[in-house]
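Trainee: Put together the whole structure using the sequences plus the hints.
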Amino acid sequence: MKQHILISDPTLRDGNHAVSHQLSAKQVAAYCEAANNAGVPIVEVGHGNGLGASSLQVGESLESDEVLLTTARKHLSKSKLGIHVIPGFATIQRDLRMAIEWGVDVIRVASHCTEADITQRHIGYSREKGKETYGVLMMTHMASPELLVEEAQKMELYGAEGIIIMDSAGAYLPSDVSGRITALVDGLAIPVGFHGHNNLGMGIANSIAAIEAGATMLDGTARGFGAGAGNAQLEVLIAVLEKMGYSTGVNLYKILDAADIAEREIMPTVPVIKSESVVSGLAGVFSGFSKHVNRISKEYNVDQRDVYFELGRRKVVAGQEDLIIEVVLDIVKRREK
Amino acid sequence: MSKLKVAILGSGNIGTDLLIKIQRSEYLECVLFIGRNLSSPGMAKAISLGVKVSDQSINAIVKDPDCCDLVFDATSAKDAQHHWTILKKLGKIVVDMTPAKVGGLCIPAVNLNDAIAQQNVNMVTCGGQASIPIAYLIGQTHPEVEYIEVVSSIASRSAGPATRLNLDEYIETTEEGVRLFSGAKRAKAILNLNPANPCIDMQTTIFAKVTNPNIEALTLAVEAMVKNINSYVPGYQLLVSPIYENGRIVVMVKAQGLGDYLPKYAGNLDIINCAAIAVAEEYAKKAADPAAMNFLAN
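The listed protein sequences derive, respectively, from chains A and B. First residue of the first sequence? That's 0 in numbering that gives the first Met the number 0, and the numbers climb one at a time after it. First residue of the second sequence? That's 0 in numbering that gives the first Met the number 0, and the numbers climb one at a time after it.
Hint data in this document are derived by calculation from the structure and do not stem from the laboratory. Treat the hints loosely; a few may be bogus.
[As the list claims (entries may be wrong)] Distance condition first, Cα-Cα at most 20 Å in a straight line; then the derived PhoX-like pairs of lysine-lysine: (1) Lys1/A <-> Lys242/A; (2) Lys253/B <-> Lys332/A; (3) Lys79/A <-> Lys130/A; (4) Lys253/B <-> Lys314/A; (5) Lys284/B <-> Lys4/B; (6) Lys77/B <-> Lys4/B.
Mentor: See the structure below:
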């Protein structure tokens, strides 16, 4: 029997980073319909940093969480509706409780790779409400395989039904992924997944390395629409998995159509690996920073590449967008001396 | 003058750091350090300082109600609510370090005098102590504040298990404080934990959306405020002076701790403790004048 890979598609969540969180209800409706037709198992929708994250820090959403999620709900019948939830941004009472009312099926509770214990209450609440619940570790290139296993085990203990590790900075090479996934598969009783970014052109290669090491869940987005250089490209991933003999339940022609629809309906520009994204990946900086680094560097006339390497040196994590201003002003100050 | 007798309820990081700060105070004397477990590190520290300790939790005060006039409650929001029902009847002043919010919120640089007219004062949150003074000034210098957002990043090692489990309460209490003191229509609080080694100092950014930003007036007010806060939190500093960027006011501050019980990077714990000591000392000064304390007569 063919090994089954569970596909989750965050085009309408990670992709929101690429348009500074300006995806409209109409765009959400159009892509949800296409993904649903293609049989994508999970469609993740929301602000780039997930539920409750519309903010001056990360960027304000064009549409509220309520509009995004209720619109998606209307256009998904076969596909499940998923959300990304980071404690510290989203609270249970203000955000998660409402999202469940709006009809989400899959809740992925995320933290920086070393901070799993902040997910305990959100994971517990989601399980209590009977929702399919995953733990997500972000920026995982910043932790050793041993430490990742410890953190993932905490999420397993809290009730997560699977663990997804994200290469949020697009910093991994395939051998990095193999090592970490192997350690996680050995250390956990629940399924393991991988979410790849493409800064170093490794989005698909890393995803394949993950399943060859035992992962059974993968994330990908249409045309790679996502933060920074973009994600593992979903329609390519489906084709490659099919060629390798894995089953996904996703219809190849229809996912190719969905990607065409996505390109036409939701992308002002198709993602490419820009020069600064290569540096971002090398420096290990969160992909969601790219729009901010670009804007602020231009405002103050500094070289984006210097900003990325300095952010990397400071080991900045996702959610610390405010530090970009400080780093840029610091470079300006040093230049004036 | 004689010192005000205080007890510390809760022998974790906050309670133990308070104890060390009180040793330096001209106005306060810690007569009892209370926890639940005599073998905890906080207890060991108290014993080494020669301070009387108890593992009887709130019962230690019930059994000997005359031992103190003021109690720092450094337990949890849930326990603090229960403790207050007892301490209120005993006529104790409570400086509440938890997000229980049974008393009015206090930011010493903004409302110290109003706060000490109450028997229970709540110290908001660590992020609130850092951000609300600036949020307050944004409200003071702008007739209309549509939205304020405060983002704190703290070193992972300075966030204990209670902080991690109570992120939602942290967010709710900080947002309430920001709205209350700034008059902003909407507020949002975000907390990031950063595991970098060496540990990062606590850093807080205040963003605001206002009509007609007055950066000049705000800058003057912020500079004066930082000096004022330095009188009780020496490690509080302005990192990025007010700027207007991408349609928003941005101000960044940083809090470095005194390095008493906890390392210097734990400025988040230091700032709330320094604020609490400032409140307790103000009570102590007031207690020297018994007429001023008649709100305690019951």
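Trainee: Taking the hints in turn, state whether each one holds.
Mentor: Each hint tested on the structure:
Between Lys1/A and Lys242/A the CA atoms are separated by roughly 12 Å; this keeps the pair inside 20 Å, and the hint holds. A C-alpha spacing of about 18 Å is found between Lys253/B and Lys332/A, which places the hinted pair at or below 20 Å, so the restraint holds. Taking the CA atoms of Lys79/A and Lys130/A, the gap is about 11 Å. The hint holds against a cut of 20 Å. As the CA atoms of Lys253/B and Lys314/A are separated by approximately 17 Å, the hinted pair is consistent with the 20 Å bound.
About 12 Å separates the Cα atoms of Lys284/B and Lys4/B, which keeps this hinted pair within 20 Å; it holds. Straight-line distance between C-alpha atoms of Lys77/B and Lys4/B comes to about 25 Å, which puts the hinted pair past the 20 Å bound.
Going through the hint list in order, the structure does not satisfy hint 6, though it satisfies all others.
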